[in-house]
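Following the hints, complete the assembly by docking chains X, U and P onto the known chain L.
There are 4 protein chains.
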Amino acid sequence: MQKTVKPIRTGEEYIESLKGRDLKVYLFGELVKEPVSHPMIRPSINAVAKTYDLAVEEEELAFPKSSISGERVNRFLHIAESAEDLVLQNKMQRKLGQLTGTCFQRCVGMDAMNSLHSTTFEIDEKHGTKYHQRLLEFIKMVQHENLVIGGAMTDVKGDRSLAPSEQEDPDLFLHIVDRDDKGVYVTGAKAHQTGTINSHWMIVMPTMRLLENDKDYAIVGALPVDAPGITYIYGRQSCDTRSMEPGDIDVGNSEFGGQETMVIFDRVFIPNEMIFMDGEYEFASMLVERFTCYHRRSYVCKTGLGDVLIGAAAAIAEYNGVPKVSHIKDKIIEMTHLNESIYAAGIAASYQGHKMKSGVFLNDDMLANVCKHNVTRLPYELARLAQDVAGGILVTLPSEAEFRSAETGPLLEKYLKGKSGIEVENRMRILRLIENMTMGRNAVGYLTESMHGAGSPQAQRIQIARQMQLGYKKQLAKNLAKVKEDPEEMKENSEYFKRVFKIPEK
Amino acid sequence: MQKTVKPIRTGEEYIESLKGRDLKVYLFGELVKEPVSHPMIRPSINAVAKTYDLAVEEEELAFPKSSISGERVNRFLHIAESAEDLVLQNKMQRKLGQLTGTCFQRCVGMDAMNSLHSTTFEIDEKHGTKYHQRLLEFIKMVQHENLVIGGAMTDVKGDRSLAPSEQEDPDLFLHIVDRDDKGVYVTGAKAHQTGTINSHWMIVMPTMRLLENDKDYAIVGALPVDAPGITYIYGRQSCDTRSMEPGDIDVGNSEFGGQETMVIFDRVFIPNEMIFMDGEYEFASMLVERFTCYHRRSYVCKTGLGDVLIGAAAAIAEYNGVPKVSHIKDKIIEMTHLNESIYAAGIAASYQGHKMKSGVFLNDDMLANVCKHNVTRLPYELARLAQDVAGGILVTLPSEAEFRSAETGPLLEKYLKGKSGIEVENRMRILRLIENMTMGRNAVGYLTESMHGAGSPQAQRIQIARQMQLGYKKQLAKNLAKVKEDPEEMKENSEYFKRVFKIPEK
Amino acid sequence: MQKTVKPIRTGEEYIESLKGRDLKVYLFGELVKEPVSHPMIRPSINAVAKTYDLAVEEEELAFPKSSISGERVNRFLHIAESAEDLVLQNKMQRKLGQLTGTCFQRCVGMDAMNSLHSTTFEIDEKHGTKYHQRLLEFIKMVQHENLVIGGAMTDVKGDRSLAPSEQEDPDLFLHIVDRDDKGVYVTGAKAHQTGTINSHWMIVMPTMRLLENDKDYAIVGALPVDAPGITYIYGRQSCDTRSMEPGDIDVGNSEFGGQETMVIFDRVFIPNEMIFMDGEYEFASMLVERFTCYHRRSYVCKTGLGDVLIGAAAAIAEYNGVPKVSHIKDKIIEMTHLNESIYAAGIAASYQGHKMKSGVFLNDDMLANVCKHNVTRLPYELARLAQDVAGGILVTLPSEAEFRSAETGPLLEKYLKGKSGIEVENRMRILRLIENMTMGRNAVGYLTESMHGAGSPQAQRIQIARQMQLGYKKQLAKNLAKVKEDPEEMKENSEYFKRVFKIPEK
Amino acid sequence: MQKTVKPIRTGEEYIESLKGRDLKVYLFGELVKEPVSHPMIRPSINAVAKTYDLAVEEEELAFPKSSISGERVNRFLHIAESAEDLVLQNKMQRKLGQLTGTCFQRCVGMDAMNSLHSTTFEIDEKHGTKYHQRLLEFIKMVQHENLVIGGAMTDVKGDRSLAPSEQEDPDLFLHIVDRDDKGVYVTGAKAHQTGTINSHWMIVMPTMRLLENDKDYAIVGALPVDAPGITYIYGRQSCDTRSMEPGDIDVGNSEFGGQETMVIFDRVFIPNEMIFMDGEYEFASMLVERFTCYHRRSYVCKTGLGDVLIGAAAAIAEYNGVPKVSHIKDKIIEMTHLNESIYAAGIAASYQGHKMKSGVFLNDDMLANVCKHNVTRLPYELARLAQDVAGGILVTLPSEAEFRSAETGPLLEKYLKGKSGIEVENRMRILRLIENMTMGRNAVGYLTESMHGAGSPQAQRIQIARQMQLGYKKQLAKNLAKVKEDPEEMKENSEYFKRVFKIPEK
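Protein chains in written order, with the numbering used here: chain L, 198 to 703; chain X, 198 to 703; chain U, 198 to 703; chain P, 198 to 703.
This is chain L alone, in the form it adopts within the complex (with noise of 0.2 Å):
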């Protein structure tokens, strides 16, 4: 197990702490050494870095007292405790994004963390279990050395039309294959973790409503990312590589970066007091529903890297020379209210947060996907204004090395100058970045992570669907329209007008 001696503080003391760890991390076929050094992965370990340094510099923001551990603690590991706690989320997250201009991959865990709080309580409500107290512990215990935690929900999923006990191979969904005194062994594969191998321990959990015959799938534990019988597959994006290239023009954002993994359990042991759920199969839909209604706000984050897709689209109009021209100005101003629209969303889903039986808060769910599914579409938008505001030369621009060489370099500092008092290398750079967030590295998280992340569009879609309330909005129509004879019967589960119409706690 995880053997921390003292609290972690800085980005720098965290990367110290994940040297030297026996992880079994493939890549292009090959067993990653250390993954602290190794010039592709480091990029997503100086991005969960950033998240230290931020609570250091900035603490009401991301460094708030927790009533559990009775200390200040990273937001990332803060239970939110008020709907403003969920705002600051948000805040914290936009702020992130600015800094690094990628995913910083904590989030996950944060929101794991906080849906597990409601739902222990509530499984422990009805089945007498002691998972809350456990969770608590858990909570305690990486509040005070201030771990990362990341959260494995996504199982592989085979063939999405069965079940997780009806797949041929068992092993599609994670489940328990065995257990003693001590605790039960997992087998099976999670898709598309993020940051898992920048984490110190992680969450599983199932990924979607199940039956009774899908109990040994209705497993959620923590465990460290360095247990024995997990193999990480490093998954390949657009232009990694250029990260191991000489120089670092040409790979955009050469100090932060995204991580995507598969993570494969092979009879990974997790111990009883790390257990948060084992069999209580029904549920698993609310935890998920919850997680996802968390998540989904959380993709204000890509409001932050909207920020530096906007700069970067304001500095290289300055660049061309061109900060004036009317079409120019109005496509910055068309990216700054798009990329405000989908922050609002997340704001308004955060504020409208209530409070759960267990004490902790939760946003409303409505707005959270409305936030999710803006940034399913506007983040595209923004990406292809500021390609067609960085012009043509974007992607024809030579590498930093012709730029190096003493016989191109001459010929590049001569051909592409613009706008006088402007330096080459420095427009190069912000091409670069422009090519890195809408085509590169890190137009992975900014763009595709952003279309399925938390759940693609049409799960969104789903989702407001089951709380737009159509039976209260027809009888107002009916009203309005004077129709005779016809009421409605308003049968609706969703509470989303209630809230609406609630008064703010003070």
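Treat the hints loosely; a few may be bogus.
Which copy is meant is left open, so a pair is good if it fits within one copy or across any two.
Pairs of lysine-lysine residues, derived as DSS-like cross-links and limited to a Cα-Cα distance of at most 27 Å, are as follows [as the list claims (entries may be wrong)]:
1) LYS699 <-> LYS552
2) LYS695 <-> LYS521
3) LYS552 <-> LYS521
4) LYS611 <-> LYS216
5) LYS688 <-> LYS526
6) LYS616 <-> LYS688
7) LYS688 <-> LYS412
8) LYS526 <-> LYS412
9) LYS412 <-> LYS354
10) LYS216 <-> LYS554
Just so you know, these hints were derived from the structure itself, not from any lab.
For chains X, U and P alone, kept in the frame of chain L given last:
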């Protein structure tokens, strides 16, 4: 002056209070005897009446306690004492949109009083004037008597390339033409005035930034709507005369409608104690900007209309027998998503409100503009989708007279039969409501007025541009791209990001 | 039967030809004495009249030579003898849209005759019937007498989940209720009938795929619109009664308008020689598909209306004094881009036309659907942009009566003054035209009918799906991705790509 | 000079013809020995080779008879002799897009030769020069030898607010620096050059309107790509180095790719007989406008890429086991609709082509701009939808090396299993193809180059504005609104509507 004997309480009492006034209102070239009983005007009065009834029915939402008068007052007369008050304005606005399906005409007055609260305070601070105290007296009076206040801002403007004082005809902007001991006399005209003749008092205000030569145009004052010298010319709108036809189906929404007039002032007197600005031209733009800041976010009301339209679309889908068809469901989900995107921006703007020197709260300006800007686009898409769901019958449906006729009525009953069990009349009613909101009388409020009210789209883009803090964002990009020796000078005059990352006050 | 003595030549002669017929038309619950002189109906007649005048004025465009009658005939009565003829239909349609700003109501008849040309030929081929020759005789007659032909396809449909023969009431689809030596008797009702009472003859056709049990519904025949047993119920539309008010400003487009009626058949007789299908139910879907193939591309007419709306937006920008403002210009460019995108799809569909067995040309189906599908979206955006450019005065403008009044007229002249040199009346006229096209009477044709005419959006999506040849495209992708051992079986039933890559015939 | 012995016929022969040339190409700072065998360059050569093979396989489409040489020639070398020829260019372009999934790099040369055909004719007409005849000789030669011609237009431009002759460094636009009896010497640099090093000859042309002072910049001439003094610097693009990795999966499209270089001219000689403009600066804008008129419509090629992407989306939907899910189907239909909207505009532009004085046909300019403008938007939406359909695995998929590895390969085989019967490898292949086209190497061509090639979006808007004939359209509106005494002066310089209503020539 206004001689209300006792406070108005209900909608009915409000309607009573409007009767018998000596208003000079022209409609179709003729003087209207009694607006209250004019069938084309009455629906707009009913809409205002609903704002009284709601205050009776839902105190927390619409009848808060004012620390000015110490009484519970209608929220439309309330000065916002917290960010939460701003949020509750939005919630009330959505509710009233749901209940009326139209513009209820009181937001201008509310937003005018709130923006005057801080502006008069700051004028006094600079000039040692007494406007703020006068305003508080006025507010106390209207709160106590529970009156409707209109706000008259938009001048007719003449040649848009010239300042008020430069126009060929000096009356194209409202201005002081004379003054004596008791007060001032004003002449001019205000266009696009919403609900003025349904008000008890109106507040005149300048419509734009003024310069020294425009001093006479820098006049803010309150006056009863029946003050001598005022002429109202009623605007015509799509399908307006249907309100004057027999029957209640074809009109779509027989009870509620909006109202727009042109108001012409011919030497209208404003007594000194009702003057809140008089010549302090340099504060005109502050007033206008604060007013539009409040008012652009007030367009959240349109989400209430959106709820009605979504409900109508869902109802007609059911009447057409296709509520489960996947593309129909999908369109209704899309309508909901767009509608809530508007709502979110309003709520977020209000939530990010901050306290002004005078004590009143002002919402965030960027997000208010984002809210309004979405309002200039998304309702049009909602309307398009509603027409898609409704089917072609929306525009080929015969008249109610046909339905009531002995010859054609039975034919319609036979041939307009859809799904069994559905009354043809109810189907007609819902279709006419959709027509009303997408191309009829209330389309004016739901669409065109959504476009131009509180400033046309371009006005929001200018305001968004002012606050988008490109310097800050460019620096973010330069940091990540490691741009060398080219730091941004960040002379931002916007506080948007300060607000974004501010810790909410408890 | 129709008793025209000599061919109609001009619009005036056409209007004359409509007078004195014994039509049973109901409007507002009452029988209309003479539709030709009814102020609400007349604009729709004027629009049809324009199709005659154009043929006189522009022979090449609108008065081609027919190889059936050997004479020059109105293009609306012409059977397409080349792809070029199809293209010229589109060009004429755009021109008439420009000249009338509304629906000129003759495309259904044109498209019906063209689709019957090939369908009757193929029925005869299979069944040995004589429909094609009968149709040719009918065409010769109407070509010679130069008559207006309406096409009546859309049945009222009742419960959409049931086939015609399964409906509770058998009359919900038009069907044969009796027959004798001379012909058949039909009963039923057709909804959304465009311009029927402005026609001389109409052709009834089934509205959907039929099965054996629906044999009696498989009837196609021509009959004079004043045949005994027909009742017309006039549809009401936005702002329709403005045509009946004094003055010509408020109506927006005083001369031209559309017309939609419900047509009810009560044992209406069709003589044998006018029957073009009688029981061959398996050809119903062929007829419908060919008709919609022609007709969806006929919506190119809306680009003519788009031209008018763009012109109106440009004119009002000028009257408002802002024609050079960059965002205004940009919006007008965008309107043009969208309008031409529609046009292009229509022209491309016609150009890729091909010859049928009967000799008539049929345009490409995919592109016709793409054209119509754009028509269900882009005019709404054009309308939104036109409202944006117009300004709020669009919906607050007082009535023409006010403008003519001695009291308020001078006030409007004074206060609606914009840029110097612009007549207030002209500004009002253009504003009312924009209102007319975006929310008034002709918005019905420009928007809602654009949505639903010739099939609602989903109908186009289904048809696009049928022709998109995914097998072919999947194989393209598999080739490039070097997918192993998984070739596509390409059982495409579409010839789209064959057409795309076909060498045009000279 | 070029010394081809016998005409090139096949793709293979073409590749052979490129070998052993003395080209100075830099890539990653180093001189490339033999571009033909460089793994990163070769895919772009393969794409050009396909244009030869198609001419062999589909003569009617790609190997027309030229009346210049009297022989059948590759269509890329053909001068359009009819509107049909223009249409066939489009059809060939779509086909090649389908076959390669990338840019095949020959359109610039084709469009340059066609625009020079008419421009040289008109220069000669005015100045009595002999350019046209020289051009015909050049065309005859390249047609006979069947060579690839590149066109070099876009200068690097320096400070965009200054004319060529005003730049601090005169070389920022290509210009004549010396001349002798035999010809001229040019210096400068062309950016964003597509496929130049895959060509045999290139034609240099000015990039914008020139004034008298820019006379030395008014040079058009043909020269072999290996002429002394030319340096090529290869542009880097998203994921470009994957072509150099082992395996053929991760690259997505292993066979085909695009190519962009910067071309630097240092006193490069052009002999007199290869000069087609020399100082006639007033014809520069005519040449540029005609070139972009052809070239903007040439972007129809992107519909071929769209077909591949649609096919890939359909294939992955099937591999994911969800081909029948309604929202998936709907997204593929939408992709098709958008793709065909682009195609339609191209075809319509070509079809509305007209004959120039020199005999060559030029397509319609308005519709060409509409086509290209759609290309700057719709492929981005297609890409977004493809990423939606693909699922998150698109950006988390492990590398091919992993799949081939003895340790991780079996894990991937086990856990990436989807629907039974689907090979994991094939699923990976299709996913990588989608990545390739939406964020990888061919996204450059499908997206960013679609944005900026042949002029950025704003360039099309300017051109649309020039041709939108607002005077004509305002008059249409004024006619219908019965505007009094304010006729439009129609000084349109566009012939668009003349073309729209023109009777097509037989």
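Now for the hints, and whether the structure bears them out:
no.	hint	result
1	LYS699 <-> LYS552	both (13 Å within a copy, 23 Å between copies)
2	LYS695 <-> LYS521	between (47 Å within a copy, 26 Å between copies)
3	LYS552 <-> LYS521	neither (49 Å within a copy, 34 Å between copies)
4	LYS611 <-> LYS216	neither (45 Å within a copy, 31 Å between copies)
5	LYS688 <-> LYS526	between (49 Å within a copy, 18 Å between copies)
6	LYS616 <-> LYS688	between (65 Å within a copy, 22 Å between copies)
7	LYS688 <-> LYS412	neither (31 Å within a copy, 44 Å between copies)
8	LYS526 <-> LYS412	neither (57 Å within a copy, 34 Å between copies)
9	LYS412 <-> LYS354	within (16 Å within a copy, 50 Å between copies)
10	LYS216 <-> LYS554	neither (40 Å within a copy, 53 Å between copies)
The earlier numbered hints that this structure contradicts are 3, 4, 7, 8, 10.
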